[in-house]
Structures are given as C-alpha cells and as structure tokens.
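Asks: With chain A held as given, fit chain B onto it using these hints.
Protein chains: 2
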Amino acid sequence: MNVLKVLMAGFLFFAVTSPAWAVSDLLKEARDNFKPLPDKPVFKADNPGTAAKLKLGKALYFETRLSKSNVFSCNSCHNLAGGGVDNNAFSTGHKWNVGGRNAPTVWNASLHIAQFWDGRAKDVEAQAQGPVLADVEMAATKDIVLKRLGSIPEYVVMFRKAFPGIDSLTYKNMADAIGAFERTLLTPSRFDSFLKGDESALTAHEKTGLKIFMDKGCAACHEGVAVGGGMYAKFGVVNKPAFLKDEGRFGVTKQEDDKNVFKVPSLRNIEFTYPYFNDGSVWNLSEAVKIMGWTQLGEKLSAKEIGDIVAFLNSMTGKLPEITLPKLPASTPLTPKPDRS
Amino acid sequence: MNVLKVLMAGFLFFAVTSPAWAVSDLLKEARDNFKPLPDKPVFKADNPGTAAKLKLGKALYFETRLSKSNVFSCNSCHNLAGGGVDNNAFSTGHKWNVGGRNAPTVWNASLHIAQFWDGRAKDVEAQAQGPVLADVEMAATKDIVLKRLGSIPEYVVMFRKAFPGIDSLTYKNMADAIGAFERTLLTPSRFDSFLKGDESALTAHEKTGLKIFMDKGCAACHEGVAVGGGMYAKFGVVNKPAFLKDEGRFGVTKQEDDKNVFKVPSLRNIEFTYPYFNDGSVWNLSEAVKIMGWTQLGEKLSAKEIGDIVAFLNSMTGKLPEITLPKLPASTPLTPKPDRS
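Each protein sequence line maps, in turn, to chains A and B. First residue of the first sequence? That's 0 in numbering that gives the first Met the number 0, and the numbers climb one at a time after it. First residue of the second sequence? That's 0 in numbering that gives the first Met the number 0, and the numbers climb one at a time after it.
Just chain A, with the same shape it has in the complex (with noise of 0.2 Å):
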C-alpha cells in the first residue's frame, strides 16, 4: 500500500508541476524546424581535419600572401575578431575595387547546402579556390599562389604533413587546408542550448519571438542547423523589392526560374553580420525584419513582432572560439614580391 502511495504521489506531482524534463510545444515545434550546430566539427571524408591541415589552414587563411598585392587575406573580409564579415556592403580588394555582393559570414558557413549567395561553389573547400583569383578581390594566379607558397621551406613543410603523398602542394590542397580550418569554424549560442532541451536558455521575449518567427513562416526558409543556408529562395517571392537588381542564382543555372533566387542566408550571429541582404543596403535588423516581411511573406509586421523577432534572433548570437594568432613563415629570395598593379 505504501509503494501505491508514493507511485500515485509522483504521479500527482508530475502532472501538477511539469517538471523540467517535460518537452514545451515551443521546443517541439522548435525541433521540427531547426537543429543544434554538431558538437564537433563536420569534415568531408576525403578532407579530414588532421591537427596538421588544421595548422596550415588556419595560417593560409591569414596569409596576406595568397593576394596578388600582400593586402587581403580571407581574414580581411571574412574577419574573425567579428562577425566573420567585414562589415561593408560590399567588400574593398585588389586596387580598391569592389565586389557585387556582401561577403557572407565564415562562421557555421560549412554547415550550408553550397557557398556564395548564388551556391556556385558546393563546399567551402571549393569556395576558397574562388576569392583568391578573382580580380576585384586578391588578384592572384594559382602560378603565382604556388610559387609564393613553395619558396617557402615551412609551408612546403606544412603542406607535406597535411597532404602526404609526392603532390602535396597544390592550389586544391591549399584550398582543402583552407576548408577544413573554417569547418571548425562554429559558435554555439543561447539557441542550441534551448534546442538541446534547456529550455531557460530563452528569455521569455525571445521564446515569443521564435514562436511569431516559426508561425508567420520565416521557418520555412530560414530553417535547419544554421537557420539558413539549406535551401534557395527568390528574394521577393511575394512582393519584389525595389533595390533589388542581382539575378541570383540564374547566372549559374541560367534557368528562367532561378531570377532572383539566392541561397537562403544563415539567421546564425545575424547581430554581427550586418549589412544586410545579397547588396548589403540595409544596416538595420529590425528595418531587415521588416522587409523580409513583406517581401517573401507579404506580411507588413507591427513593431512589436519585429521586436520580438529581433530578441530571437540575437538569441543565436553565439560563442565564437578563442582563435591564437598564426605564425606565419618568412618569405624568402626566392618569393615572388607583392604586385599592387
């Protein structure tokens, strides 16, 4: 009878109190449309992410001397101090020109379905071949890429014990070394300890703004790990906005459908990642918020539900790893000088 009594009181204390280990139907719903960042790093198969490649992307990734000029490294607008961006609307290269697009955030980026807005490149291993060569940011030459690196007796050390094997100093391998570094390039926040089932890790204001983000819709697409970043979408399904001129994704595929589509940006420390959308033309959060709205929702949001978005969306502004300085080998008389022409 006593073992009755005790089994029945527990039962009355659960029902009554919900204890902590009870899932919300926020959390539920939450689970549905998102996911917490992976405890580790996720590496491809055929690009493990040994210490050694660790070591040597991490150094390629700001080596000056993968530009044409010494200038730019990825760090120069993939900035790690920050938001892994450089916080322009369009990023300053080789000769001061200027790309077309923002540069998108480094962190959690590997977790997306491609890179770049348009998803040309399909890992970030491919995405780091791009920027090195392209003219309005660093300028260079594979040649002159592996002249740089292979006049230098620590990188060919490097590369060696990154990449055994007879070739290991190659454009792809420097961009694989590269990949791998950002791939462990993720910054878990308040979000992924709601996610995982702490469910005081949201403020009571940032669990209503996740509510009014999954049920006005912006779940539909901003879903997933990285809350973004796993699928396209046309920028202005509903109602186009008026700056917007890129084509998107249709100067890859060149399929009639794919005007204006873009990939899907990542919500993931969105506070740090401003200016906002593929021309980078809006600085504001809410002001953001509110376009998506209307844009691919055809909702004209109140103050309050851009508000409340807002303290959910700052609410993934995550960890970012404690990153040591590399020490980057010295050039030799044997190294191509910088070129500023």
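Treat the hints with care, since some could be wrong.
Identical chains blur together in the list; that is why a pair holds if it fits in one copy or across any two.
[Stated by the list, open to error] In silico lysine-lysine, BS3-like type, Cα no more than 25 Å apart, as pairs:
# : residue 1 : residue 2
1 : K54       : K326
2 : K39       : K54
3 : K54       : K34
4 : K244      : K336
5 : K244      : K160
6 : K210      : K299
Source of the hints: derived by calculation from the structure; they are not laboratory data.
Replies: Same frame as chain A, but now just chain B:
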C-alpha cells in the same frame, strides 16, 4: 694541510677549465653594447597597463572601424601574425594610396627612443594617434572615430573601465590604450638568453657573426635593448646610397645636420621585417647588410662576413607571444557607416 690542497686543486680546476659560469670576453663585450629585453612590459607612469586597458587596446589594435573605410586596422600594416609589418615596401592605405616610408615593426617598438623613421612621435602612445588620421593610411577624423566608438555601448564601458573618470572616451585615450597594448609586444630571442648568461644559446657561427658585428662597428648604432631604435644616424654617413631620396629627420627639425638622418632601425626579428630601409627597396637581408657596410662604415664586407652577420641577426628572431583575436563588439544603428570615398 688538507684544506690547502683542496683549495689549490679548486684553483687549478678553475684556471684550466673555465667553468660555465665564467663570462667569456664575447659576452662581456656584448653586454657593453646590448641589453636583454625586459622580462615584463615597461609602461609609462601616466599610462599604466591595467588589464582593462590592455583588453581595450588589443580590441582597438584590430579595429577596422578606426579607418574611414572600415577596411584597415593597426594590424593591417603591423601584422601580429608575422613580423609586426606588412612586408610591402610601402603600405597600402585608403583608396589604394601608399605611404612614403616602409612600415616599421611594432614588435618591441615601445623600447625605442621615439617612433616613426623620423622620430616625430615620442612614444607608442603618441605614434598611435598618427595613422588613424593620415590621408594615405586610415584617413579617418577624430570626430568620426569618437562617434563610432561612442555609439557602441560595449566600447563605452570598456573605455570607462580602462580610463575611470568623467572623460573616458577621448582620442588620446584611444591611442593610450593601443600604446599600452603595444608595450606588451615583446619577443625574447636566443640572443637574450645569451646576454643573460646562457652562452650555449648561440651557435659558434652566430657568435662569429656577433663578434664581427661589434668589431666592424655595426653596434655603434644598432645597440641597446632593441639592437637599434636608441639613437638617430645619417643614412650614408660614409657613402650615400644612390637610392636615397628621403630627407628623414630634416623634415621634423629643419636642421641641415638632420638631412638623411633616421632613427636607427631595430634589428630584432629582422628575418621577418623585410623589405629593408626607409623605402623598403631591398628585400634580401644579405644585400642590406652589404649596403650598410658600405654606406655606414665604408667597408666592403666579404661574403663570409655577411653570412656570419646574418647568422647572428637571425638569432634575434624572437618568440612571438600567443595572441588571441579580440571579440569586437557590434555596431549599432547609430554608428557612422564606412566611407570609401
């Protein structure tokens, strides 16, 4: 009698074997010319290096919002991932302009008699006020910098902690914080171990180079704790180099005697601070040593002497401190935007 025998044996042992703690003539001569780096940063009495100030100073050192375009930070030209320089003849700045003198290294710079090639700033704190405002460098104004920093609540708090009082956020305090951080940028090397008494820290080759360096007279100018940086000297005191156009300190003092006079550069980390001279015209250290022998000493140094001296110079490549990237706070809607014009 036994005691006397022991004493005599000890004396003989001492006289014959020259034990480890006896100081060689080379070390004695070196100590007459040079000093090891201080074990700790040396701060100014009126600008103590508190933890709060060093944290702020590091953030500002990496802060691109100090430049008009938001493209450049102190670290752009004085790169802490390398030799504390940008390894270009002249640094690239706002609108792809270039400066007129080679960027000197920030490593150990606080120990110099003054800052800039012409000594026009008395210390690193004063120096840090310059490039932010220079047209061909960061091209900002005091007003825009203070408006930007003042619009970011985290910076306002950081300044208040670093500079308690009513007027925390000032342009001078910005530079003082950067200067205090720069005072921590010391790079102890094997040469310091040698100067402190570990004579095995240098190889025989390096010791030969050190002896030549002192015997030939290089150490007359490249002396003291920074092996340079402690005095001014005319470039071309014996033979004027054909490439020399810069009037140097004359521009500051307008004294005829100061024509072509420069602060003697520090030779610490010289392996990493190429290209050499005020105009960055020489990329090869051996070539630079050869030119110095001829212009400053009227000596045609032999290839062997040059090789020995370079071996010694490379023993001053120091251990760089581990530097973790700061986490820069986000701008706000009130923060003035970057301006590339």
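Asks: Now, for every hint given, state plainly whether the structure supports it.
Replies: Tested hints:
1. K54 / K326: The answer is both: 10 Å in one copy and 21 Å across copies each meet 25 Å.
2. K39 / K54: within (17 Å within a copy, 29 Å between copies)
3. K54 / K34: This pair counts as neither: shortest intra-copy Cα distance 29 Å, inter-copy 35 Å.
4. K244 / K336: For K244 and K336, only the inter-copy Cα distance (22 Å) is at most 25 Å; the intra-copy one is 39 Å.
5. K244 / K160: neither (46 Å within a copy, 46 Å between copies)
6. K210 / K299: The answer is within: 17 Å in one copy meets 25 Å, while 79 Å across copies does not.
The structure fails hints 3 and 5 (numbered hints given earlier, in ascending order).
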